[in-house]
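These are the residues of each chain, in order.
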Amino acid sequence: MDTLASLANGFAVAFTPTNLLWCLVGTTLGTAIGVLPGLGPALTIALLLPITYQVAPEASFILFAGIYYGAMYGGSTTSILLNTPGESATIVTALEGNRMARSGRGGAALATAAIGSFVAGTIGTLGVTFLAPVVVSFALAFGPAEYFSLMVLSFVMVSAVLGSSSVRGLSSLFLGFFLGMIGVDIQTGQPRFTFGLTELLDGVSVVIVAVGLFAVGETLYVASRRYAGRDEIVPLKGSLYMTAQEWARSWKAWLRGALIGFPIGALPAGGAEIPTFLSYAAEKKLSKHKEEFGTTGAIEGVAGPEAANNASAAGVLVPMLTLGLPTSATAAIMLSAFQSYGIQPGPLLLTTQANLVWGLIASLFIANVLLVVLNLPLIGLWVRLLKIPAPQLYAGILVFATVGSYGISQSPIDLVLLYILGGIGFLMRRFDFPTAPVIIGMILGPLAEAQFRRAMTIANGDWTVFFTHPLSLTLLLLALAALVAPRIWKVIEQRRLRGQEPIPGDA
Amino acid sequence: MTSDDDYAPPQQRLAMPELMIGLGLLACAAVTLWQTLAIPVSPMYSKVGPTVFPYMTTAGLAVLALLLIVAAARGGWQPEEEKETPTDWKAMGFVVAGLVANAALIQPLGFTAASVVMFVLVCFGFGSRHPLRDALIALVLALAAYFGFARALGVNIGAGYIENTLNVVVDAVLGLRN
Chain A
0 MDTLASLANG FAVAFTPTNL LWCLVGTTLG TAIGVLPGLG PALTIALLLP ITYQVAPEAS
60 FILFAGIYYG AMYGGSTTSI LLNTPGESAT IVTALEGNRM ARSGRGGAAL ATAAIGSFVA
120 GTIGTLGVTF LAPVVVSFAL AFGPAEYFSL MVLSFVMVSA VLGSSSVRGL SSLFLGFFLG
180 MIGVDIQTGQ PRFTFGLTEL LDGVSVVIVA VGLFAVGETL YVASRRYAGR DEIVPLKGSL
240 YMTAQEWARS WKAWLRGALI GFPIGALPAG GAEIPTFLSY AAEKKLSKHK EEFGTTGAIE
300 GVAGPEAANN ASAAGVLVPM LTLGLPTSAT AAIMLSAFQS YGIQPGPLLL TTQANLVWGL
360 IASLFIANVL LVVLNLPLIG LWVRLLKIPA PQLYAGILVF ATVGSYGISQ SPIDLVLLYI
420 LGGIGFLMRR FDFPTAPVII GMILGPLAEA QFRRAMTIAN GDWTVFFTHP LSLTLLLLAL
480 AALVAPRIWK VIEQRRLRGQ EPIPGDA
Chain B
0 MTSDDDYAPP QQRLAMPELM IGLGLLACAA VTLWQTLAIP VSPMYSKVGP TVFPYMTTAG
60 LAVLALLLIV AAARGGWQPE EEKETPTDWK AMGFVVAGLV ANAALIQPLG FTAASVVMFV
120 LVCFGFGSRH PLRDALIALV LALAAYFGFA RALGVNIGAG YIENTLNVVV DAVLGLRN
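Protein chains in written order, with numbering that gives the first Met the number 0: chain A, 0 to 506; chain B, 0 to 177.
Simulated from the structure, these hints should not be mistaken for lab results.
From the three backbone atoms N, C-alpha and C, an ideal C-beta is built for every residue, glycine too.
Keep in mind that a hint or two might mislead.
[As the list claims (entries may be wrong)] Now the in silico label distances, taken between C-beta atoms and shown as ranges:
(1) Asp-1(A) x Lys-82(B): 56 to 66 Å
(2) Ala-37(B) x Asn-459(A): 23 to 33 Å
(3) Leu-135(B) x Arg-383(A): 13 to 23 Å
(4) Gly-23(B) x Gly-188(A): 30 to 40 Å
(5) Lys-82(B) x Ile-232(A): 38 to 48 Å
[To be verified] Cut-off 35 Å, straight-line C-alpha distance, at most; resulting in silico cross-link-like pairs (DSBU-like, lysine-lysine):
(6) Lys-489(A) x Lys-289(A)
(7) Lys-284(A) x Lys-251(A)
(8) Lys-386(A) x Lys-82(B)
(9) Lys-251(A) x Lys-287(A)
(10) Lys-283(A) x Lys-82(B)
(11) Lys-251(A) x Lys-283(A)
(12) Lys-284(A) x Lys-489(A)
(13) Lys-89(B) x Lys-386(A)
(14) Lys-386(A) x Lys-283(A)
(15) Lys-489(A) x Lys-82(B)
(16) Lys-386(A) x Lys-251(A)
(17) Lys-489(A) x Lys-287(A)
[Stated by the list, open to error] Computed list of chain A residues with no C-beta within reach of chain B, every gap over 12 Å:
(18) Ala-7
(19) Leu-81
(20) Gly-142
(21) Leu-174
(22) Tyr-240
(23) Gly-406
(24) Leu-426
Kindly produce the complete structure, drawing on both the sequences and the hints.
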């Protein structure tokens, strides 16, 4: 089979000693930053983007993929022992995991999270392996109009549907568009949004935006809330080995979690939050130990969502590698790493950059194995990381933020920009605006604009091109439905609750 | 399930902080409009020129800002938990002071010295009361970051007196003088 041959070739790339070393470095670093509150994979990969000037693309993507997967594993440790979800995707893990830790079963919770992550990560990576070529065969038929409409759908899903509020999500996205347009317009060479500053002609680096929003904004937010309750680390008790009963309760939850997580991650909507909530709800409904949910902690409630989280993280790679469509902040920053190598991700990537893509996919399988080893026997090491006191942790994060931003062009203007974005990040965090759409809008906005202008040029400036192509029209209608349907549904619900007579034909 | 757009609190008071956010976004829309009008358009590209997307973004930002203002007038959207936690202005002040010091000192003094000042101020803001110990940690961390990035990754981050002296020492030890 073609796919298997390509995968074997990928393993040949990934199994070279240097690439194995990059994978080990990435998974270790990823676990560490996943464990540490305040640091995430998007920020870490942004800080490490300069590495793309130094090493081969294979090596840096293997490193980034290791960080990406590692952070998912590490994040569960923090959720279980500290009850502070490092990222939105591990909120659900904290629900049951922290309760298990408090009732002395922290070891089993960590074990089911790690092994579940392995099982689901492997299933998810298998999914990427076999789904990616299929998606490519469809995507080859896409023209600029279809691409633009697909991006519109993706924008709506990422910002309006998956967050807590569509208005705030879209505000973040449009802020990202604005940031992405700063600089010289590629097609005409006109400077845009530069405020007359020559420093802005090259545009704003995604590193500055990511570091400003995630590192500086987060630090300001944590500082502003020092009066809020402090979380305590639950000491790790209980054996890391699961009993036969715990295995029996876990494995089905892993498989279900993986089956929920991967398809949702692979949609051009992404988001690891929804699948973890769905998996949690499913496990709670199916469990024979309902009394443990919310009291002593149910192992299914850790196993399922953790598996869903990792499978959807793998799924996100499908639109990223096949369509060049990032649906998470981390994927968007990885996309900018592709751009820094002059590689444009899209359907041709699998053939033109076969070594890179298949080496990356093969390294994901290896990373999963490494991560189970890193996270189970070495768990004590990671628990110690949790004990780094907050003052030094956040001050240290700011030092690295300086390194990443000042290193771009040694200009204090970059630092000023970084701190302005940090202030915006603080306000966004404080007023519940999602930050990921900013990064996605910033990276994907200019690509959407390019497709839009290409489609318009081909159609001789005819706006209807987006509505006359059937596929393009379908995608736009889906986007509209995703934006409008939840509201209509809510209005109907409210009417029903108020006991008013239902209006016929009102849907 | 997760949408709270139309969340209507019992009392429909105007929420000041949220109103400021809405107005801020409106100001942002005004800035994009001003900058869009400043983009020169050559007639060659008038069909889909460089201003089409900026105008769309401006329109989007303006509409969203108005929706936020409406939401603010209806009582805002802040969760109770956020409202009840008082902001620790003193801690934030020290963090901001650290950031400003860093930006101001990095060119004259170099990365390491500026980082030490920032580190100590930020730690103090977060409640640490051991400035000397923090300064020592900062020195080790900054030098590790400097040599990790500057030498291993080839990223040029501002070198000052400390870095230049140490660079000479390191080069001498490694025999890399060039």
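Hints numbered earlier in the text: which of these fail when held up against the supplied structure? Hint check: 5, 21, 23 and 24 fail, others pass.
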